[in-house]
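Asker: Using the sequences plus the hints, can you model the full thing?
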Amino acid sequence: MAEEESARLARIKANLRRRALIHDSIRDFFRSEGFLEVDTPLLTPAVAPEPYIAPFSVNGWFLSPSPEMHMKRLLAGGYGSMFQICHCFRKGERGSLHNPEFTMLEWYRLGADYMGIIQDTERLLLHVAASLGLGSTVRYGNREIDLTPPWPRVTVREAFFHAAGWDPISHPDAERFDADLVDRVIPALPANRPGVLADYPAAGAAMARLKAADPLVAERAEVFIGGLELANAYSELTDSAELEQRFQSEIERRRAEGGPDTPMPRRFLEATANLPACGGIALGVDRLVMLFCNAASIDEVMAFPRDRA
Amino acid sequence: MMEISEVTRNTKLMIDGAPFVVEEVNFVKPGKGRAIYRLKLRNLFDGMAREITYHSGDRVEEVSVTSHEMQYLYGEGGHYVFMDNETFEQHTIDKKQIGSRAVFLKEGVTVAVLIMHGRIIDVNLPKFVELAVKESAYTTKTDTVTAQQKMVTLETGATVGVPAFVKEGDVIKVDTRTGTYVERTGTRK
Numbered sequence: 001m002a003e004e005e006s007a008r009l010a011r012i013k014a015n016l017r018r019r020a021l022i023h024d025s026i027r028d029f030f031r032s033e034g035f036l037e038v039d040t041p042l043l044t045p046a047v048a049p050e051p052y053i054a055p056f057s058v059n060g061w062f063l064s065p066s067p068e069m070h071m072k073r074l075l076a077g078g079y080g081s082m083f084q085i086c087h088c089f090r091k092g093e094r095g096s097l098h099n100p101e102f103t104m105l106e107w108y109r110l111g112a113d114y115m116g117i118i119q120d121t122e123r124l125l126l127h128v129a130a131s132l133g134l135g136s137t138v139r140y141g142n143r144e145i146d147l148t149p150p151w152p153r154v155t156v157r158e159a160f161f162h163a164a165g166w167d168p169i170s171h172p173d174a175e176r177f178d179a180d181l182v183d184r185v186i187p188a189l190p191a192n193r194p195g196v197l198a199d200y201p202a203a204g205a206a207m208a209r210l211k212a213a214d215p216l217v218a219e220r221a222e223v224f225i226g227g228l229e230l231a232n233a234y235s236e237l238t239d240s241a242e243l244e245q246r247f248q249s250e251i252e253r254r255r256a257e258g259g260p261d262t263p264m265p266r267r268f269l270e271a272t273a274n275l276p277a278c279g280g281i282a283l284g285v286d287r288l289v290m291l292f293c294n295a296a297s298i299d300e301v302m303a304f305p306r307d308r309a
Numbered sequence: 001m002m003e004i005s006e007v008t009r010n011t012k013l014m015i016d017g018a019p020f021v022v023e024e025v026n027f028v029k030p031g032k033g034r035a036i037y038r039l040k041l042r043n044l045f046d047g048m049a050r051e052i053t054y055h056s057g058d059r060v061e062e063v064s065v066t067s068h069e070m071q072y073l074y075g076e077g078g079h080y081v082f083m084d085n086e087t088f089e090q091h092t093i094d095k096k097q098i099g100s101r102a103v104f105l106k107e108g109v110t111v112a113v114l115i116m117h118g119r120i121i122d123v124n125l126p127k128f129v130e131l132a133v134k135e136s137a138y139t140t141k142t143d144t145v146t147a148q149q150k151m152v153t154l155e156t157g158a159t160v161g162v163p164a165f166v167k168e169g170d171v172i173k174v175d176t177r178t179g180t181y182v183e184r185t186g187t188r189k
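Protein sequences, first through last, are from chains B and W.
Using my numbering, read the first sequence as starting at 1 and increasing by one per residue.
Using my numbering, read the second sequence as starting at 1 and increasing by one per residue.
Because the hints were derived from the structure by calculation, they are not lab data.
As the structure is a prediction and not an experimental result, all values here were calculated from the model.
Do not take every clue at face value.
Okay, derived cross-link-like pairs now, DSS-like style, lysine-lysine, Cα gap no bigger than 27 angstroms in a straight line [said to hold, decoys possible]:
| no. | chain 1 | residue 1 | chain 2 | residue 2 |
| --- | --- | --- | --- | --- |
| 1 | W | Lys32 | B | Lys211 |
| 2 | W | Lys40 | W | Lys12 |
| 3 | B | Lys91 | W | Lys167 |
| 4 | W | Lys167 | W | Lys106 |
| 5 | W | Lys134 | W | Lys173 |
| 6 | W | Lys40 | B | Lys91 |
| 7 | B | Lys91 | W | Lys12 |
| 8 | W | Lys96 | W | Lys134 |
Answerer: Here is the structure:
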């Protein structure tokens, strides 16, 4: 029998109180860094055509799966380094680490590249840990994880070569990539340290720029802590023509598969002509709260997950 | 056909010609990657567990399986006769479909019968039944399960190991899944 709502809410109250402290601590960190907090629409006429991210559509509009395009329009408008904590919506994503409506922290730093953004992330987590009265270690599951920077960095090429025995950069294979990432590469990351996987195959670049010295590789890095995929950073691609080309090929792929028609996000593409050089990242706040509450399921850090909403 | 993303616990699927019930859906997805659905399934015919991995976009065949409460009436030749508690229709079920658990069928007991496309595919006995002890053998070395246990025959013909204090005429509770004694619940004589 399902747990009574009152009993459940009493049980997770400490987690939700801690969640509120974490939200405060994030805002505190970015204000002290001189970042502007922004607020962009959840109801939007266009979304970025990206593989494997399915938006909810409502009367010809979409529930925003990411604040990325609107924040970049603000960046193009000269607003400088900025952050936002907002809800995002992704259809069909439900599991112990997923809820179709979830909370994202996204920030952009002018002039930074993806590794500069990873340094922000290291400092942010230490700041949050300190504001919760923790030192530089956090207990997650049965592991003591040492958050002291710098976190070990490994390229996707090396990590796959060691854990899965193949090189996804020289021999791209999108299907094998996701399965091996989940089953082999992530479990092989250091257990007692955060791990940074860097330099993804160009095919998985999304809105990251390719490395000038090695165009098979995108300047994209992901942070994993305690097996949780926590955040995804880019050196942002500022070339409108290349962005449009990437979107176009995804729109065509969807059409070929008979999926719903995806509009080209014109306003965003026009704005990117003025997008300054910057790095950006999206960090799953629910998972960050899970980490600091030692919660195994996302339901333990949300008042009303989908099945209880 | 249905999208794999719509499958939840208790969805019934037809896989390789056999009906399965989904017992667990484990959803894994890299942020920018393809969703992976690891399903734990149970074959409704033979009860065997199976695990299958699907990916976003995969389609699966849903089957309609309904459960009906029926009362056991009597056994006849190679069949058992049941009556649907709602429609009062009688149904004949092959003894093989119930298998060894049939030794716990007592007249009047209500079971859950699973029907797929008009065909009976499974009969679920209550987890526990209460049956009278018909015959209690003397504790001999060969009959002894443990030092404190002996074998008895129940009113349905089933034999189970029981503690030494259980005697003829006692009513005992039996777990039909394991065929084992749970407790003594009363005495008839």
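Asker: Does each hint fit the structure? Answer for all of them.
Answerer: Each hint, compared with the structure:
Proximity of Lys32(W) to Lys211(B) is assessed by CA-CA distance (about 19 angstroms); at most 27 angstroms being required, the pair is judged to hold. In summary, the hint linking Lys40(W) to Lys12(W) is supported, as the alpha carbons are separated by about 12 angstroms, within the 27 angstroms threshold. With a C-alpha separation of about 62 angstroms, the suggested pair Lys91(B) and Lys167(W) falls outside the 27 angstroms cut-off, and the hint is violated. Only pairs whose Cα atoms come within 27 angstroms are accepted, and Lys167(W) paired with Lys106(W) is accepted, the gap being roughly 20 angstroms.
This hinted pair checks out: Lys134(W) and Lys173(W) have alpha carbons roughly 14 angstroms apart, not beyond 27 angstroms. Using a Cα cut-off of 27 angstroms, the hinted pair Lys40(W) and Lys91(B) holds, with the two alpha carbons roughly 22 angstroms apart. At roughly 22 angstroms between alpha-carbon atoms, Lys91(B) and Lys12(W) fall within 27 angstroms of each other, so this suggested pair holds. At most 27 angstroms may separate the alpha-carbon atoms for a hinted pair to count; Lys96(W) and Lys134(W) meet this at roughly 25 angstroms.
Of the numbered hints stated above, the single one contradicted by the structure is hint 3.
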